[in-house]
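As they're listed, the protein sequences go chains R and Z.
If you're matching positions, the first sequence starts at 1 in my numbering and goes up one per residue.
If you're matching positions, the second sequence starts at 1 in my numbering and goes up one per residue.
Derived from the structure by calculation, the hints contain no laboratory data.
Where hints are given, some of them may not hold.
The list cannot tell twin chains apart, which means a pair is met if one copy fits it or any two copies do.
With a straight-line Cα cutoff of 30 angstroms, these simulated DSSO-like cross-link-like pairs (lysine-lysine) come out [claimed, not checked]:
#1 22 - 145
#2 112 - 22
#3 40 - 102
#4 102 - 145
#5 40 - 77
#6 22 - 77
#7 22 - 40
#8 145 - 112
2 protein chains.
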Amino acid sequence: MNDASGSGSEGLLYLTDEQLRKGIEAMFFAYRGFTADPDKILQEMGFGRAHHRALHFIHRTPGTTVNNLLTTLGVTKQSLNRVLRTLVDEGLVESRVGNRDKRERNLRLTEKGAALESRLSEAQRRRMRAAYRAAGPEAVAGFRKVLEEMMDADMRRRFQAGKEGSP
Amino acid sequence: MNDASGSGSEGLLYLTDEQLRKGIEAMFFAYRGFTADPDKILQEMGFGRAHHRALHFIHRTPGTTVNNLLTTLGVTKQSLNRVLRTLVDEGLVESRVGNRDKRERNLRLTEKGAALESRLSEAQRRRMRAAYRAAGPEAVAGFRKVLEEMMDADMRRRFQAGKEGSP
DNA sequence: AATTTTATGTCAGCCTTGTTGACTTTCCAA
DNA sequence: TTGGAAAGTCAACAAGGCTGACATAAAATT
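Put together the whole structure using the sequences plus the hints.
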């Protein structure tokens with residue numbers, strides 16, 4: 001199962017267990033870095049990573065419903081509700097009764113919520129921008145490609161759905 | 001701050017906020033996929049992700065000390081200790097008093113621990129292998145490059161340290 | 001019109017995994 | 001011999017997952 005250095009049949013020599021393990025570790029360490037900057041900001045505001053995720057996706061799809069957010073985030077409604085309630089209570093998110101379907105709640109960021117989201121996002125983008133710059137355009141394309149392949153199929157579909165019309 | 005589609009000064013046109021945001025989301029969804037398979041196994045065994053991380057790094061550096069593991073994992077000793085204790089109690093990890101320094105504990109996997117680690121790792125590697133295969137060698141190189149750039153500097157150093165002699 | 005389903009919210013309670021703070025034991029090294 | 005590092009332990013707490021049960025309103029179906 002382990003092919004330390006041999007040239008595989010079709011240029012697949014890079015797929016040794018050791019290489020894969022390094023990839024796994026890289027993913028672990030990188031994700032830590034990825035969340036480090038927003039985490040600092042969140043902590044001083046008394047929020048957590050869960051709040052950040054909610055803010056991010058409400059920003060991304062204004063007017064989204066609770067159910068929608070639920071499946072995107074992959075948590076239970078009780079878990080999301082707790083987060084959402086504090087965000088509404090603190091005046092960061094607005095929850096309005098739906099037009100067509102009055103059972104639904106349409107979620108959007110308030111000005112205050114948008115401000116925090118922007119601050120968090122900017123911190124995270126700063127790091128990603130630096131990483132992208134240092135790695136170069138081709139590396140970025142590869143990065144994105146591998147990440148997409150790593151997603152669960154249904155999430156990949158959801159993710160790729162918002163691709164074409166990225167004006 | 002937003003350059004929707006313009007060709008930047010030096011081919012940096014890909015660094016729009018929108019592109020960066022997509023990168024952020026990709027990271028989020030991919031990490032979920034990345035942990036999904038081991039998580040399933042862990043749950044049916046009554047362990048959590050923290051146990052997996054400990055097993056992984058003890059496997060990677062047998063005989064490592066608690067302090068070493070502490071800085072690698074980036075958690076407090078109390079937090080790690082709880083995880084470590086259950087692993088020792090369940091007979092997955094052996095904690096032996098150090099030779100030179102008897103204050104230290106040298107950690108290694110038992111046969112049982114190695115078996116679980118291998119099972120978890122194989123599940124994770126299976127997904128990563130599939131992603132690597134689908135994305136191709138160049139994408140993989142870029143993926144690794146960006147991930148390394150995304151790490152905190154000290155973690156990047158630690159990570160890159162185990163690179164040369166990877167046979 | 002009556003019934004069922006859906007979307008959401010909420011209460012209660014549990015688990016994992018992170019945190020701080022205080023304190024002890026061991027034992028190396030200056 | 002004494003200071004400090006390494007490790008462990010106890011207690012208390014918080015975030016953020018989870019399940020289960022139940023309430024309400026609105027929509028959809030029969």
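* Going through the earlier hints one by one, which of them does the structure break, listed in rising order? -> 3, 4, 8
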